[in-house]
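Please model the entire structure based on the sequences and the hints provided.
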Amino acid sequence: MRYSRATTILLLVASLSFARRSYAQDAAPSDREMIQQLVQQVKALQEKVTVLESQQRASGPSNADTTPQPASTPIPQAADNNAQPASLLEELHELRGIQWRGFGEVDYKVLNQRTPELGTYGFVPGSHGNFYTGDFDLLLTARINDKASVLSEIAFGEGEAQTFSVDLERVLFNYDYNDHLRMSFGRYHTGIGYYNLAFHSGTWLQTTADRPLVMEFAHDGGVLPTQAVGLSFTGAIPSGRLGLNYVAEYGSSDTELHNLAGDATDDEENGNHINVGLFARPESIPGLQIGGSIYHDRISDRSHGSYARLGQTIVNGHIVYIRGGIEFLNEGFLIRHAYQQSSTVYNMPAFYSQISKQFHRVRPFFRYQYINANEGGFLEEFVLRHGPSFGVRYDFNDSVAFKTQLDHTLRKGQPDLNGLHLQLAFTF
Amino acid sequence: MQTTLIVVWVAISLAGVARLPTAAAQSGAVAVVVNEKNPVTNLSTSELRKLFAGEKHSWTGGVPVKLFVRAPGAYERVVLLKLLGMSESAYKQYWTAQVFRGEAQTEPLALFSNGMQKEALTVYPGAVALVIVQDVKPHMKVVRVDGHLPGETGYPLH
Chain G
531 MRYSRATTIL LLVASLSFAR RSYAQDAAPS DREMIQQLVQ QVKALQEKVT
581 VLESQQRASG PSNADTTPQP ASTPIPQAAD NNAQPASLLE ELHELRGIQW
631 RGFGEVDYKV LNQRTPELGT YGFVPGSHGN FYTGDFDLLL TARINDKASV
681 LSEIAFGEGE AQTFSVDLER VLFNYDYNDH LRMSFGRYHT GIGYYNLAFH
731 SGTWLQTTAD RPLVMEFAHD GGVLPTQAVG LSFTGAIPSG RLGLNYVAEY
781 GSSDTELHNL AGDATDDEEN GNHINVGLFA RPESIPGLQI GGSIYHDRIS
831 DRSHGSYARL GQTIVNGHIV YIRGGIEFLN EGFLIRHAYQ QSSTVYNMPA
881 FYSQISKQFH RVRPFFRYQY INANEGGFLE EFVLRHGPSF GVRYDFNDSV
931 AFKTQLDHTL RKGQPDLNGL HLQLAFTF
Chain D
7 MQTTLIVVWV AISLAGVARL PTAAAQSGAV AVVVNEKNPV TNLSTSELRK
57 LFAGEKHSWT GGVPVKLFVR APGAYERVVL LKLLGMSESA YKQYWTAQVF
107 RGEAQTEPLA LFSNGMQKEA LTVYPGAVAL VIVQDVKPHM KVVRVDGHLP
157 GETGYPLH
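Just so you know, the protein sequences line up as chains G and D, in that order. Residue numbers for the first sequence follow my numbering, so the first one is 531 and each next one is one higher. Residue numbers for the second sequence follow my numbering, so the first one is 7 and each next one is one higher.
It is possible that some hints are incorrect.
Cut-off 30 Å, straight-line C-alpha distance, at most; resulting in silico cross-link-like pairs (DSS-like, lysine-lysine) [stated by the list, open to error]:
(1) G:Lys677 x D:Lys98
(2) D:Lys88 x D:Lys62
(3) D:Lys43 x G:Lys887
(4) G:Lys887 x D:Lys147
(5) D:Lys43 x D:Lys88
(6) D:Lys62 x G:Lys677
(7) D:Lys62 x D:Lys43
(8) D:Lys88 x G:Lys887
For the chain G half of the interface with chain D, some residues (derived, Cβ under 8 Å), not all of them [unchecked claim]:
(9) Leu669
(10) Leu681
(11) Ser682
(12) Leu702
(13) Asn704
(14) Asn708
(15) Asp709
(16) Ala728
(17) Gly732
(18) Gly854
(19) Glu857
(20) Glu910
No lab work stands behind these hints: they were computed from the structure. Even for Gly, the Cβ is constructed at its ideal location relative to N, Cα and C.
What follows is the structure in structure tokens.
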């Protein structure tokens, strides 16, 4: 008998071992995530058993000797009667409470100059290469009910001399009425173009190590009002196979614009902005998005008198294709500043084009960017800048990536700027 | 006696491994199933792609869409990735991005059995899932795709 029991145990263990090995071969994705999902479901089943047991106890001794029913039996009844087991199943399938997600990065950037420059982040004046941690992002989401949810993004950003500041990048109360009307209230990233809404502050999401020059956040010296507090509406427009969607925003955008060197800020004292956008995702070409937006606001320019007011209009057009490992991003901008007290108008064109292709874990990329600010204009310190960036992103797994990027920037009236940017980006 | 047992054990184990359903070995049509009270009867391939990419958030009438997918390794998962044109890794990154963008509250719950999918479909009016045709159970409503039912010529989900 003992021999037989030992043999049975041996057979079971060996069979499980074989089965596990076979399953692991089939399930190519990371075992860790699979284990996590299994643990999650085991916990859910344990909760289900606990509740069922408590229900059985509560039903009294008269039911104690009732023949046990298969687990699946009560479920159709639950659906028909909308009784308690339905809510029990909801508990099993819903994620309650606050969900966390983190994004982090560790960077090393070296330039062939010793003065700070836009987008060099923790660049220390006097050095030409240094480490920094960029933004450490915490994304918190919580579901209130089927239609309402809350999203917040908190960024711990690195400043000079390894000082850190906390920024509430986004805090949004979302209400999805239906596919045609999805509302958000709070602080959001403005829907000027594609990049700002697609990548937000998550460096890990980006193929490249940094944002395109024109898409840099305003608090990092960028030219666009990238954040605002107000109302945002988006949704699908009935348009058949054209797949039209809209974005409409009304709010107060960034009021402080950091200069290139990061040692001063201009208060734009802006009014409320309005931004409307339209984009199409045609069914005939999955992965393609074509769209544009118009943004308008009134801001102040202190460099032109004590209170020079100007109208700021930003027109965007974009063509994006993402499918089958190919990422092709193209965006063009026209930033127009019209002074109220005079007939002076400045038009600043900018664009970037980025292409990459995934080969297993490796994704080489190439980007060309261009920005041309008028002399004497509101953003004159940017002057004419353009140049290529190229590099490689290597994904160690689904959560950790290493990027190497070389930049060459031509600047009007200044020497060319060369940079090497190494970045370890991760999510957890 | 011991040798005989070992031989039998090896034979059983190998037979068991050989009979394990694997994504690679399985094939055939995969049905799109919804809650039986869902009025939808037909979806185009592009509508289906939008559904499982999280771009369509509610059914006609405003009932929120609830996505249920099979865990990695299942044949339905292979068909899902083929539909979306993504690798497993790209799928995970895509949903991380969708949540980060606020386009989705969470990524779709990955279930380890069709029994669990059946439970979910029964409970949620807006539930939708992919199930191998042979595993379609009562209370699962099969939806036509591009006007075709699984098994008919031109049915796209294989």
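Against the structure, the hints:
Pair hint lysine 677 of chain G plus lysine 98 of chain D holds up; C-alpha atoms about 24 Å apart against a cutoff of 30 Å. At roughly 19 Å between alpha-carbon atoms, lysine 88 of chain D and lysine 62 of chain D fall within 30 Å of each other, so this suggested pair holds. For the proposed pair lysine 43 of chain D and lysine 887 of chain G, the alpha carbon gap of about 43 Å is over 30 Å, so the pair is violated. Under the criterion of a C-alpha separation no larger than 30 Å, the hint pairing lysine 887 of chain G with lysine 147 of chain D is inconsistent with the structure, at around 39 Å.
About 28 Å separates the Cα atoms of lysine 43 of chain D and lysine 88 of chain D, which keeps this hinted pair within 30 Å; it holds. Restraint check for lysine 62 of chain D and lysine 677 of chain G: the C-alpha separation of about 13 Å stays at or below 30 Å, so the hint holds. Simply put, lysine 62 of chain D and lysine 43 of chain D have alpha-carbon atoms about 19 Å apart, close enough for the 30 Å limit, and the pair holds. A C-alpha spacing of about 18 Å is found between lysine 88 of chain D and lysine 887 of chain G, which places the hinted pair at or below 30 Å, so the restraint holds.
The interface hint given for leucine 669 of chain G is met, as the beta carbon of that residue sits about 6 Å from the closest beta carbon of chain D, less than 8 Å. For leucine 681 of chain G, the suggested interface contact is upheld, since its CB lies about 5 Å from the closest CB of chain D, less than 8 Å. A least Cβ separation of about 10 Å between serine 682 of chain G and chain D goes past the 8 Å threshold, and the interface hint is therefore violated. Residue-level restraint check for leucine 702 of chain G holds (minimum Cβ-Cβ distance to chain D is 6 Å; threshold 8 Å).
For asparagine 704 of chain G, the interface hint holds, the least distance from its beta-carbon to any beta-carbon of chain D being 6 Å, beneath 8 Å. Against a cut-off of 8 Å between C-beta atoms, the interface hint on asparagine 708 of chain G holds, since the closest Cβ of chain D lies about 5 Å away. For aspartate 709 of chain G, the shortest C-beta to C-beta distance to chain D is roughly 5 Å, which falls under 8 Å, so the interface hint holds. Hint status for alanine 728 of chain G relative to chain D: holds, with the closest Cβ pair at about 7 Å, below 8 Å.
For glycine 732 of chain G, the interface hint holds, the least distance from its beta-carbon to any beta-carbon of chain D being 5 Å, beneath 8 Å. With its C-beta approaching chain D no nearer than about 6 Å, glycine 854 of chain G sits inside the 8 Å limit, and its interface hint holds. Hint on glutamate 857 of chain G is violated. Least Cβ distance to chain D is approximately 11 Å, over the 8 Å limit. The beta carbon of glutamate 910 of chain G is not positioned within 8 Å of any beta carbon in chain D (closest approach about 34 Å), and the interface hint is therefore violated.
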